[in-house]
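*Asks:* Sequences and hints are given; from them, build the entire structure.
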Amino acid sequence: MKSTQDVKNFIEEENIQFIKLMYIDAFGVQKNIAIMPDELERAFRGGISFDASAIAGFDDGVRSDLFLDPDPDTLTIVPWRPIEGKVARMFCDVRYPSGKIYGEDTRQILKQAIVAAHQAGIRVYFGAEVEFYLFRLDENGEPTRIPQDHASYMDSEPLDRGANIRRDICFSLIDMGIRPEASHHEQGPGQNEIDFRYSDALTAADNNLTFKWVVKSIAEANGMWADFSPKPIDDAPGNGMHLNISVMKDDESEPDDEEVRKLNMEFMAGIMEHIREITLFLNPTPASYRRLGNMKAPGFVSWSEQNRSQLIRIPAVKGTEGRRFELRSPDPTANPYLAYAMLIYAGIDGVKRHLTPPDPVDQNLYTADPRLTETMKKLPSKLEEAIRYAADSIFVKNVLPENILRLYCERSR
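At position 174 of the sequence shown the residue is numbered 174 (full-length UniProt numbering), and the sequence of numbers has no breaks.
Note that these hints are calculated values from the structure, not bench results.
Everything numeric in this text was worked out from a predicted model, so none of it was measured.
In this text, a Cβ means the ideal position worked out from N, Cα and C, and glycines have one as well.
Wrong hints could be hidden among the right ones.
[To be verified] Now the in silico label distances, taken between C-beta atoms and shown as ranges:
(1) Leu159 to Pro72: 37 to 47 Å
(2) Ile33 to His118: 29 to 39 Å
(3) Met376 to Gln5: 36 to 46 Å
(4) Tyr96 to Asp234: 30 to 40 Å
(5) Asp38 to Tyr366: 32 to 42 Å
(6) Lys296 to Arg123: 26 to 36 Å
(7) Arg81 to Cys409: 31 to 41 Å
(8) Met36 to Thr367: 22 to 32 Å
(9) Tyr366 to Tyr96: 44 to 54 Å
*Replies:* Okay, structure coming up:
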């Protein structure tokens, strides 16, 4: 862990001239205030104030002043900025003027979920596979719906015109301490995917937000627009944010393979138990529901080994890669802090109740006999349906601040 003195030393040694303090609103929109190095001491001592009444999820209707408390562990240089006048960035927690943590900050909600997981004796890891489209800009610099190329899944250059941009993105991520595992062209025209090495939940959520910021910035520098929306082109595959999830016991003992398998299956069963109630936080926009149930995006509450038409699949692994499962319904418009928190709470419920998942469905659900699919639980097919599930859920109300649930229901309507 970095100390505040470590940060100060780094800022001085690297001649940092500008420090971006970043946080997000309730819906995952990134916000920031930039300070000069001379203000760093004040930021660490008492925080930097901002007008909370202007930020979704931070206005309690009475007090509008909140403070940003920089997290030293998230310090990194912004690598695409000029060498002269370097820029650094830190994510922040949000506090009241008294210094008390603001509990409705979604980063804090995730931290509370991580504590709950620890109390349940488990650690949860996430690795994201995030898809995005690259569209051309018009003569005024505004985004069009003209894709950068017309390549398809894993095509190579020259059909794949996004390879250099993906490479620049990966190099920038590495410079920022984030480890991408792989990148490739996806199935849609101009569609790309970059996959991440798994990490603990908080780091994974921070990295998710950093990734989207890097992609948009590098794309714009190359005259492109990066689109993370769930369904940018109606007759093409949507953008997913597939989450590889693994669960371990929170102790130092040597893991037992069968015990780990059972733990992951119980956690997975908890997610399946509550998935319809938490879909609003995994798929929070109307466009999310144009993606679900189409072109490899799931529409049913089901699982299988390797089958990509399912909500959850257990990927084939070789050697010591470890046990994990892939949740395929989330999309990149989700606030990762909130999405990961809700998944952790759902999984904890599965572990505490020793739930078992239903039988696997080893069929392609896009072509399966309707007599099978009509008996299966379905994911919400419209945003209004997802709102109803969340609003009526005792589970959601028990783990989520009332104001956040209200905001999601009202905004989505």
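*Asks:* The hint says 32 to 42 Å between Asp38 and Tyr366; measuring C-beta to C-beta, is that right?
*Replies:* Hint violated: Cβ distance 59 Å, outside 32 to 42 Å.
*Asks:* Between Met376 and Gln5, does the beta-carbon spacing fit 36 to 46 Å?
*Replies:* Since the Cβ atoms of Met376 and Gln5 sit about 56 Å apart, the hinted range of 36 to 46 Å is violated.
*Asks:* Kindly confirm whether 44 to 54 Å is satisfied by the beta carbon distance between Tyr366 and Tyr96.
*Replies:* holds (50 Å)
*Asks:* Check the following: the C-beta atoms of Tyr96 and Asp234 are separated by a distance inside 30 to 40 Å.
*Replies:* At 45 Å between Cβs, range violated.
*Asks:* Measuring from beta carbon to beta carbon, are Arg81 and Cys409 in 31 to 41 Å?
*Replies:* holds (39 Å)
*Asks:* A range of 29 to 39 Å was offered for this pair. Does it hold for the Cβ distance of Ile33 and His118?
*Replies:* With a Cβ separation near 32 Å, Ile33 and His118 satisfy 29 to 39 Å, so the hint holds.
*Asks:* Is it true that the C-beta distance of Leu159 to Pro72 lies inside 37 to 47 Å, as the hint says?
*Replies:* holds (44 Å)
*Asks:* Taking 22 to 32 Å as the hint, is the beta-carbon distance of Met36 and Thr367 inside that range?
*Replies:* Since Met36 and Thr367 have Cβ atoms about 60 Å apart, the given range 22 to 32 Å is violated.
*Asks:* Range first: 26 to 36 Å. Now tell me if the beta carbons of Lys296 and Arg123 are that far apart.
*Replies:* holds (30 Å)
Hints 3, 4, 5, 8 from the list above are not met by this structure, while the remaining hints are.
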